[in-house]
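Asker: Starting from the known structure of chain H, arrange chains U, X, B and E on it as the hints suggest.
Protein sequence lines correspond, in order, to chains H, U, X, B and E.
Residue 169 in numbering that gives the first Met the number 0 sits at position 170 of the first sequence; the count goes up by one each step and never skips.
Residue 123 in numbering that gives the first Met the number 0 sits at position 124 of the second sequence; the count goes up by one each step and never skips.
Residue 185 in numbering that gives the first Met the number 0 sits at position 186 of the third sequence; the count goes up by one each step and never skips.
Residue 36 in numbering that gives the first Met the number 0 sits at position 37 of the fourth sequence; the count goes up by one each step and never skips.
Residue 28 in numbering that gives the first Met the number 0 sits at position 29 of the fifth sequence; the count goes up by one each step and never skips.
Hints in this document: simulated from the structure, not taken from any laboratory.
Just so you know, these numbers come straight off a predicted model, no measurement behind them.
Where hints are given, some of them may not hold.
Stated by the list, open to error - Think about it this way: if two alpha-carbon atoms lie no more than 30 Å apart in a straight line, the pair counts; the simulated DSBU-like pairs of lysine-lysine are:
| # | chain 1 | residue 1 | chain 2 | residue 2 |
| --- | --- | --- | --- | --- |
| 1 | E | Lys145 | X | Lys91 |
| 2 | X | Lys208 | H | Lys2 |
| 3 | E | Lys357 | E | Lys386 |
| 4 | E | Lys213 | X | Lys91 |
| 5 | X | Lys164 | E | Lys277 |
| 6 | B | Lys226 | B | Lys6 |
| 7 | X | Lys208 | U | Lys178 |
| 8 | E | Lys69 | X | Lys91 |
| 9 | E | Lys132 | X | Lys91 |
| 10 | E | Lys468 | E | Lys132 |
| 11 | U | Lys178 | U | Lys259 |
| 12 | X | Lys208 | H | Lys1 |
| 13 | U | Lys178 | X | Lys308 |
| 14 | E | Lys145 | E | Lys418 |
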Amino acid sequence: MKKKRVMFILALAVLLAFLFVGVAADLIAPWDPNAVDMANSLAGPSRAHWLGTDHLGRDLLSRLIYGSRSSVFIAFFATGCTLLVGMTIGLVSGWLGGWPDQLIQSVVNIFQGIPSTAFVVAVLGLLGPGMRSLLIAIVVSSWAGFSRIVRNQVLEVREQHYIEGARAMGAGGLYIVRRHILPNILLPLLVLIATRIGSTVLTVAAMSYLGLGLRAPASDWGIMINDAKLYYIRYFPVLLAPAACLTLFCLSINLIADYLRDRLDHDDGAARML
Amino acid sequence: MELCIQDLCVNFSTPSGTIPAVNHVSLTVSSQQVTGIIGETGSGKSVLGLSILGLLQSNAAVSGRILLDGRELTGLSQRELCAVRGREIALVAQNPATSLNPGVRVGRQIEEVFRLAGESRAESRKHTLELLEQLAFSQPERVARAYPFELSGGMCQRALTAIAVAARPRWIIADEPTKGLDAVVRNQVYDTFRMVREHYHVGFLVITHDLLLARKFCDRIVVMYCGRVLETNTARELFEHPRHPYTRGLIASLPHLGMKPMAGFAPAFTDQPAGCVFHPRCPHAREICRREAPGTVYCGEGSVCCHGFD
Amino acid sequence: MNQTLRYIGKKLLWTIPILLGITLLAFALGLIARGDPAVNRASADPDYIPTEEEIQALREELGLDDPVLIQYGRWLGGVLRGDLGRSLIDDKPVLDELLRLLPNTLLLSVLALAVIAAAGLLGGICLSLFRDSFLDVAGRVVLVFLMSVPGFCMAYFMIWLFAQKLRVLPTSGADGPENFIMPCLAVAIGSACVVIRLLRSSILGEMGKNYVLTAQAKGLRRGQIILRHVLRNALTPSVTYAANAFGGLLGGSMITESVFSIPGIGSYALTAISKRDYTAIQGYVLFTGFAFVLVCLLADLICAWLNPKIRLGG
Amino acid sequence: MALIEMKHLTKVFRSGRLGSRAHTAVDDVSLTIGPGETYGLMGESGCGKSTLGRMLTCLLPATSGQVLYDGRDLLRVGKRELHPYRRRVQMLFQHPDTSLNPRMTVLDSLREPFLLHDLPGRAHMDDVIREHIRAYGIQPELLERRASQVSGGQTQRIVLARIMLLQPEFIVLDEPTSMLDVSVQAQIMALLRDIQERTGVSYLLISHDLDLIRRSSHRIGIMRDGKLLEQGETGAVLDSPTHPYTRSLINSFAYMRD
Amino acid sequence: MKKQRLLSLLAGVALTLSLAACGGPAPAQTPSADPAPAQSAAAHTEDDVLVLAGARTLAPGLEDVYFSHKLLGAWEPLISVDEDGNPMGVLAESWERNEDATVWTFHLRQGVSFQNGEPFNAGVVVENFNRYKLLESGYSQYTTFKVNDLYPGLIGCEKVDDYTVTVSFTDPVPRLLFNMKDTASCIFYPGSWDLETGYFTEQPVGTGPYMIQKVAEDEYVDITAFDGYWGEPAKIRNIRVRIITDPQARYAALDSEEIMGVLDLGAMPAALGDELLKDQRFAMAVHTSNITHFMLLKGEGTPFSDMRLRQAVSLAIDRQLIVDQLWGGYAMPTQNLVNRMCPDWVGLPVEYDMERAKELAAEVLGDTRISLDMYTRSLYLDRGPYKEMMEYIQSQLAQIGIDATVNVIDSSTYSEMSKAGELGANFMTHGMSNLNAYHFMNMYLSSTGSYNQSQHLAYNNPHADELLKEMSTTLDDARFHELAVELQEIANTELPVIPLFYDTSNLIYNQAQITGYDTYRDHLDLSRLAWVDAQ
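Isolated chain H (complex conformation) (with noise of 0.2 Å):
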């Protein structure tokens, strides 16, 4: 069990790392990260540019701590939204049941009804590439699969004893929903945005590789990987540096909802030793 503890240590300070550097870009970053200098492009790692530079001369180290900023927060953001919207929907239809449960469950079948990578990119390529569609496209596509989990939990915790006592108590439909099921539902809710995060992250990466991420003066980690595509076989760190990026933060993200998992599984475990 100790390891299993230590892993979850390292990763959370992995992601603390990041939401730090992504914060503190402007204090952190050592040179301006659209400083044009053409004269020493792709350089190798100097005292100036401790990671060396971009194919234009620009300082690799800024420009990774500016694309954190982009794309951690993107990903933390837009699941964010997207638990908010799933999470009050699933919620709504979970604990109403009858045919607005219906109702809401058809809608959810219907969003659910397609891919959910094909659903980013129509969206994005209707309402055209930049943050405000991508946030868009990414909530849009995948509300969906959130609020039928959400729904799932509420359903299974609405059947429980403790429910019906305090309904025989008097106790309301909103300080039932408060006090009784939020809490329960707390620790699945969070395994599941951990394992969105991880893959919103890549999403948001591929969209920028694709074009249709974030627009020319922004730059996230997916753009920088764009962009080196062209000159990583002069000078590899252009390209390896941001995917170390992005591996290393999924991985730290993948790790803590693994953790999470387990002592989700373990609580239920308890009960079953004699």
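Answerer: Chains U, X, B and E in isolation, oriented as in the chain H frame:
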């Protein structure tokens, strides 16, 4: 034919400390008789039953020896234990509804035992239908084709019994056969077990918290509490003249015998009392009971483990 | 047996409103598109700027000024007759293009599904069989790593390794079967890792159940128990995820198809999007939606076959 | 003088598409329970006794019939008006392990009545609770534990203590001890008897154990497939049963006892 | 149990690191270091297929007015241009025009037959001209066929005898030959197009050295040598031109010798090209291209209507640095908007002086700073490091008080915004397809020029208008050249638009295996390609 347990200890290591489920139990059980192990939740009766077949969870530490006709089971490797399970000692597990594979037809789960014994597919099918007929199933074909969730609690129990009996074992361990069943179904289970006992001459070890079933079906009874054996005796003798205060209290709390409650609560695993484990709840507890754990005293056809009989 | 048929009937009946809903969704997506497709139709050649009249003539021809409902009705009528409309750029019927490009994407998706299923089954069973052994822990670390590597980096790494350095496989193109090995791996690795982890945790979950105790009491060894008893019940979540992934692949994996230059549905969608050809995008969304719903239906039926409680209890 | 009276209570469950398949769980049951009285409801599993109990506590809407309490029909009372009655009619459930919210400590669970109704002593509720639980055999150190770290018997005591904080007049006991051991069952039934003597609360005891019902109820009702076959004084019904089903029940319990 | 767990963790981490590491350093060392294939492949025989690759399809099919790109050699025009940009006869041997250039007579080459064996004669040319008349704006991925621009005032084409035709116009067309270059005078065997629309209904037949054998849409096109070709027969019998959209995949295909060379627009980005050239297996054929890269500044209602500010912007851009750093040194910096392949082109000075740029900017802006939104279309990104160039110019303009932003937009948004005049600065390419100096300069310099208005340049210079008017009517070629030179000097100083550099098409090919890529200075001719060690 004898199954003898010598000084068996089972401890479970969990994140919140080690749990002593069974400590220093010694028993001898003969296949000529039906032996019942009575005890309440947390008394370690199920753990004792499962440790005979080596089916405990991975975090269990077992010490002491279990001998089947002189052959030591505790030392066997997994492969050898698999040979013993089913063929020599069979198990009828707890809560029948979930002890059958929900995705496989009942008939096939019974046939599997015959196939394991080397019979052909046709023979196994024939034997399965015969066995179901014998266990008082009115339409054996329908039951064989049905899935476990399509059967009632009683029918599942009888199907489990069929699985146990199919391999012609010499011993059957039945773990809580009547838990959560209605009175009518409970009687059916009793009738089934009695038929199996007479027809297959099988040694029974019944683990239950249902005192009435134990009194009616078992020849000898062992009373367990907090992982220890407090008293053993013949069924009739134990109910008419219960010696140990816990046994007396248990019988007195039966609804049709006055339902008089015992004092105190069963102790949690992590803080077991010193001396005699029952002394906090025992009306006749004396100073010695608080200090020293009593030894086992043999009298008449049974034994008791209480300072009152030193 | 008729209960099973009734269950399948119910499921089929239920997909029709979903398909209708998808057509509504696809059309709505088309409507919110920014930009005037007529303008963009005429400006494929970079040096040529369309005049005002030409654009207006095109708008009439494409009926872009009619009220929305009429456009939807006309479009839906077409869809039911199998006509997904014509591309706004090269005026080719969308359905014919999609069907022409389908074989490549289908081959890629089926190969990927095979890899996901094989790796998933093999990996899931091995990891759960040798629980907490060296293989299990090392395997899990590698899986988490492979899951986190973005698809396109994996693709480049493979091209560089197999095509340039070892010269074992062709770099791109779609003529021979060997061209599909690398793209299939690039697409399948991510999902395969997820399926392995899913199957492993559901097998271990099932191992804790009571019927495993009965099986052990019959004298079966751990391997036999997993194969004969546990696997059947543990497969449901993995089958659903694999079907979901396969449905997604049918939508064409844009990146793999563009990196490996495989003309498939994904690359068609990508060009349609860059040219803002919203009839083609609508057709694409509809096509993948239909395929996805059918695949999910198939997955439901497999799950129903796997555990009878859904089929008969339903 | 009836504390609570059920008249022609019926509950039909609709299932399948457009409610094509109907299953009558409770079929035209009428019974009255006086103050301070325990009414034993005996029947095999699936005979609708739990459904009846849930309708009584307004957890489940009835298809037809009346539940007269304090001169009012609880089924027709509006939601806001029902709130005060909620305090006076409570229920104890069969499965202890899901009767308490696993994410809350025992103390939090016991505080809930104060949050829902303005009970006396609301300001210093913790002290009131600590004092209150002594009478229910709950050790103080249990208060900090989570629901999953408490045994079945202790959970039923905690739920009982929580219910009694609301000073109810009527409690439905839905197979309160069927999941417990014999000795713990005896303790819980003794506790219920003390509470009844102390507060005069009346019970509807639902069980499939005839011996338990015989031992602890003043009047008894036999139910099968939603119908109330026979009811009356416990001794009268069990010594000279009129309905053949009652006789077979008595024999099957006697079968095990001789 | 504990120790074994820790061991497995370490092994797992080591495994993953090795996986990443081996992906790391290895490619840093250049491809040439790895061992060349043990022994060079056996000598090539007659029917070995030569595989080449390009970024886009060269045979779009029936939807395209030419069916396939001229590069494939499936069809030939009447008139083309030689390496110096002067008109050269292909299917038309010689020509003369009447006094006021309203009637042109063409003497056709004899002994030419179509790929279906039919003879090439005057009747065919007349049919083709009838088809030209139908194509007001013939759609093509390459160059749109606009008959009113190419043949202004065309009356028709009459057959004089079997091998002579006359083409007559309502008013004089002195530079007709330049207009008729390549795609404008494509000749196909009649009967394969719809007589109302002019679009092909079946695969057309041309007279070129190669026949189109098989078109696998989006994948490749196979061509085979046409034995009955009137000119020098093709050296390689079978060629397959594959479509590999991703530049990185083309690089990998060349390196693994799957393809022998690349061709067409954006064949190989400079950065990847340089890497390949380090390996002596590869060489680069640099062909001049008629495409010039421009930076257009919106003049209407902006400070850029002031000539001095435009000059400041031009002076602030070091064109040589852009060419050397981003385009691998192959492009040619220029300030003259006319393409160097045009015969009337004249070399003019290209200046880069940041100090004078700052002075000029200060004169116009004083110390206020202005903002400038620079746009380019997403389809240019694959053709070259466009975004990188704009980001360089962005940082240069910042030094002279102009805060620029870089925006990449898709084609349809581009058309909308350019129509609405929202494009502050627009980076684009413009090809002089028919090398007619007047036609090109009129678009930008004349106050009523099509690009001047559509791109809101707001440039008008009455003197330039006069010169242009005279140019359009003069019949005297020498006078035409004089006027062209004077206009170029005006544009070079007044800069209605800011030309950046002349593009070159850099085609990488495997010189160890094939030759003939650089037969001509200005274009690639597939029929001249040959195996190095052909038997």
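Asker: Holds or violated: are the alpha carbons of Lys468 of chain E and Lys132 of chain E at most 30 Å from each other?
Answerer: With Cα atoms ~26 Å apart, Lys468 of chain E and Lys132 of chain E stay inside 30 Å; holds.
Asker: Are the Cα positions of Lys132 of chain E and Lys91 of chain X separated by 30 Å at most?
Answerer: 25 Å, holds
Asker: Are the Cα positions of Lys357 of chain E and Lys386 of chain E separated by 30 Å at most?
Answerer: 24 Å, holds
Asker: Hinted pair, alpha-carbon criterion (30 Å max): Lys213 of chain E, Lys91 of chain X. Please report holds or violated.
Answerer: 20 Å, holds
Asker: Does Lys259 of chain U lie within 30 Å of Lys178 of chain U when you go C-alpha to C-alpha?
Answerer: 22 Å, holds
Asker: Measure nothing beyond the straight line between the CA atoms of Lys178 of chain U and Lys308 of chain X; if it is 30 Å or shorter, mark the hint as holding.
Answerer: The hint holds at about 24 Å.
Asker: Does the alpha-carbon distance linking Lys145 of chain E and Lys91 of chain X stay inside the 30 Å limit?
Answerer: At roughly 23 Å apart (the allowed maximum being 30 Å), Lys91 of chain X and Lys145 of chain E satisfy the hint.
Asker: Does the alpha-carbon distance linking Lys208 of chain X and Lys1 of chain H stay inside the 30 Å limit?
Answerer: With a Cα-Cα distance of about 26 Å, the restraint between Lys208 of chain X and Lys1 of chain H holds, given a limit of 30 Å.
Asker: Has the given pair, Lys145 of chain E with Lys418 of chain E, been kept, meaning a C-alpha gap of at most 30 Å?
Answerer: Since the Cα atoms of Lys145 of chain E and Lys418 of chain E sit roughly 21 Å apart, the hinted pair holds (cutoff 30 Å).
Asker: Would the pair Lys69 of chain E and Lys91 of chain X pass a check requiring their Cα atoms to be no farther apart than 30 Å?
Answerer: 23 Å, holds
Asker: Starting from Lys226 of chain B, check that the Cα of Lys6 of chain B is at most 30 Å away, please.
Answerer: The given pair, whose Cα atoms are some 13 Å apart, holds under the 30 Å limit.
Asker: Would the pair Lys208 of chain X and Lys178 of chain U pass a check requiring their Cα atoms to be no farther apart than 30 Å?
Answerer: Holds - the C-alpha atoms of Lys178 of chain U and Lys208 of chain X are around 18 Å apart, at most 30 Å.
The structure is consistent with each of the numbered hints, conforming to all of them.
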